[in-house]
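Residue numbers (the numbering used here), protein chains in the order written: chain A, 1 to 362; chain B, 1 to 251.
What the hints contain is simulated information worked out from the structure, not anything from laboratory work. Take every hint as true, because none was put in to throw you off.
FRET-style restraints, in silico, Cβ to Cβ: (1) THR56/B x ARG282/A: 32 to 40 Å; (2) ARG87/B x THR268/A: 19 to 27 Å; (3) GLN144/B x HIS11/A: 26 to 34 Å.
Backbone N, C-alpha and C fix where the C-beta goes; we use that ideal spot for every residue, glycine too.
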Amino acid sequence: MYLALRELRHHRLRSLLIGGIVSLIAFMVFMLTGLTRGLAHDNAALLIETPATHFVTTRDAEGVFTRSFLTPDTVSRLQAVAGPTATPTAQSFATFSRGERQLSGVLMGVPPGSFMNPTAQQGQPLKAGSTGAVVDESLQEEGVRLGDTLTLKPGGETLQVIGFTRAARLNHQPVVFVTLEHWQTLNPRLQGTVNTVALNTGAPNTGGAAARAAQVAGVSVHTRAEALQELPGYREEQGSLIMIQVFLIVVAAFVLAVFFYVLTLQKTPQFGLLKAIGASTRTLAGSLLAQMMILSVLAVTVAALVTLGAAALLPSGLPFALTAPTVLGASALLIAVAALSSLLSLGSIARVDPLIAIGTST
Amino acid sequence: MNATLLTQSKSTQPMITQSTLTQPEASLSQPTLSLRAVSKTYGDGDGTVTALHPTTLDVRPGELVAVSGPSGSGKSTFLALAGALLRPTGGQVLIAGQDVTALPAAALPAFRLKHLGFVLQSSNLIPYLTVREQLTLVTHLAGQDARAGQARADDLLGLLGLGDRAGHYPAALSGGQRQRVAVARALMNDPQLILADEPTASLDGPRGREVVQMLAQQVRERGRAAVMVTHDDRVLDLCDRVVHIVDGRVN
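In isolation and in its complexed conformation, chain B is listed as follows (with noise of 0.2 Å):
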């Protein structure tokens, strides 16, 4: 998996330009996502390597916000912060208005499971598990009724133009329908954020286009907030807002 996103950092070197995509947000509900000067550092003394400087940040609901810089930028970083995923060295992470950084680290799984939708890189897909099932088994994690868990996941599958689809293996689909079936996944639970790292990153234009596209309706027909990283600046006029990360600062 490293391996593809290296050289995938290589063959787009993103040379992104100052982009004033930011539409009018006119919501004053309460943010979904709000880091609060959250910082990253790693290691200690002289050998300290600051990851991401302290930044805040609100996503809303029914936004979408792309994340992008160049590699080693600290978007991954980022992703993680937000995606409960890493511990912050400073700062809080409110998701769904809780405060993610003062819940026990053994609590997170049940927290992701429970609010937050992970659309990832190419190789997200359990191999040994039909599309229905890869909806399914978010349900199933969460112990939640199977029967319910079919229903939705069909309902879902139908949605995204992946119906007929639904009992093939991840070996069987193309690109662009792995990653529409990902987006179909985060979805299974309803949760108040999507997080997508690069979901657009081994496909051509029109099929990343595509998923982008069904990404940001979704989160807005739904009222969701959803955090994309990407590269891909092809597609950043679909997202509400661009945040551009270099050498870990938030501009």
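Only chain A is shown next, with the shape it has when bound in the complex (with noise of 0.2 Å):
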């Protein structure tokens, strides 16, 4: 430490620029990691947040919901393997209109006594012959208000706002939840049919609930994490701003593995001076460890901090969602790339002969 904070001190400018260049990097991946995450949640926050934790659909939807098609009949052969909390869900996509304005979103069917009800934020959950509806709170930023009326296009069918509640949202979505049975009545169409059974093994008396509900004929079983990664585009978005992070992460690992490694390189004769008075290689490659640990700890931590008062600048409508612990593990991994990257400069430090010293080269 000796060494290594003088160093950096003396090298002011030099300390900035690589400070200030890992602190960039660093900016843009908490940035990244905000918007994936925020992303996540507004492509399907209902799946993320679920207690469910297994779908069931048909065998050739593999998992869409939107393709599958449950009939009663498998619906009561699932309960019946599964218990009766095996809950059926519908969904369906709706526009409707609220006053002058136009909206979308997922209409969704829950049977009112199961874990799929959501419960409500303001106003009133649904009840067993409920005929209004609980909708996602994000609706709120469309001016939609408790006691509004829903009209459903085209058929003119009305819904009433019973409640808000949050995280309900699918396919960039807001969902509006109904009782299962006034789903069914909105769409006669599907005749009876539901697009997924959700099952809740973490409740009492479910244990390998999944692994019966999959000997049912022509049913597959999916695990929530499977189903969020079949949602379509989910697993795209995702990975696209996934491998971005990556490239960031390992570019901040070259960029300050070099910077040490040409430093190093010049410091030759520099370390085998100190070498030759008696510093061992041990204090040396402390030293520069210390100078990594200290340059990217700062770094991170002022790029953390405005990375915190840049969201906080953010339009609230944007997609951005970022606590402190996904702020400490994205610190913890690019620290640690950091020592990491300082092995190539420890080597040729190892290397380094004291006796370069000494003019033994003549």
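Please dock the two separately framed chains into a single complex, following the hints provided.
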């Protein structure tokens, strides 16, 4: 630390420049992480936060809800093997208007007594026989209020908003929950079929329910995570963002590794001198590692603070979600990468022969 | 560094005449540095190059020995062997009674830190440390008390006339001042043996002489031993003994 701190302080501009590069890269990683998570939530908060652990679809639908139609007969067979908590859920895309305003969303039918029934943050939850709707709170930004009437198009059926729930988005659209019974009267063409049966194997007396459900003819069982990946566009959207983050982290590792390696090569005579007067390789390696850590910890901290500041300034409609644990995780990864990138330089420090301090080459 | 050395060697091609400056050394004390039939060869078989033929030499406390000779004569090899920076092919090197050829390589840095002081060529200060820090670095590396180190550094700097330069960086010092700082640093750990590699290389006559005078004075006052490799015949009169090396042979 004795040498590390003094060198960084003496070469202030150099330290600032490399710290600045690391800071910018870390800032981009944080912003992209926020965006990735924000988009994931905007796309499919319902599947991210649902209590369901598995979803059953028809085998040919391969986990895609909108391609799956389970007959009432299959649903009863599933409930017979997986227990009464196996919850049939139906969904359709809906366009509706509130006054002059045209809106769209996912109309989802859930049995009121089930674990799929959303809790209401405001207003009332769905009850047996309700003809109203509990909608995602993001519709508040579109001006929807409790007690408003939504008119479904083109049939003109009306739904009264009785409650708002959170984290109910699917396919980048708000979810409008109605009772399954009501959903079926609104969608007579589907003749009583549902899209999926949700299982919650975390609940008591449901062990093995997923395996038993898989035995039912013509269906396939998918975990929540698998169903999320099957959601149209989800994997592609997340994949490209995650790829950019991985690239950034690799670039950060290279920038740091090369920068410190070049510096180390340049300082070879100095390391030779230090070794000649009695500094051990361990001391010198420790010094380099300390510099790397000081720079990257400071740079990442600055980037994290800037990110939190920037996040507060983002327009509310922008899908951005960043939590402290995520920032800490990404920071730890960047710092670990910085430590790893010092290996290249540590090798060359170890190879410096103190003999070079003396003019033996002539 | 090597480039500097090369140009130096060419510009001041040493044509040192046989010197008989050897002063009668009455000391009967144990030698601080003792080379016993030390030799160094590189390569094996037909390609063997002998850098130093078997050499025996003792340097006693209070003695400053100059090693002179033309470029490529083996002076640096000699210094590297005496400074525990290079392992001899044959023979033994004893420093302060310890056979350093018997020490494992990993123990050598700590040994040098404790027993040896090095004054190297012009670029031998760390650019980002102040003059005082160049000295306290030695205390720090040895893991000793920082406060005692500060006090000692200030004493030494005062002694070598650098008291008002303590807070300066090497870039702000003249060549002579830098070499005096290097002498002060070499004295920081109160070493038994000081090894100097062309300490006057980048200095003009009077400045070079001043640095060697200072080294000689410290060696005598403190009863330490010193070996100085030099091509600078203007400072040889300040040394107790001059050893000439030609083609790896000491005479």
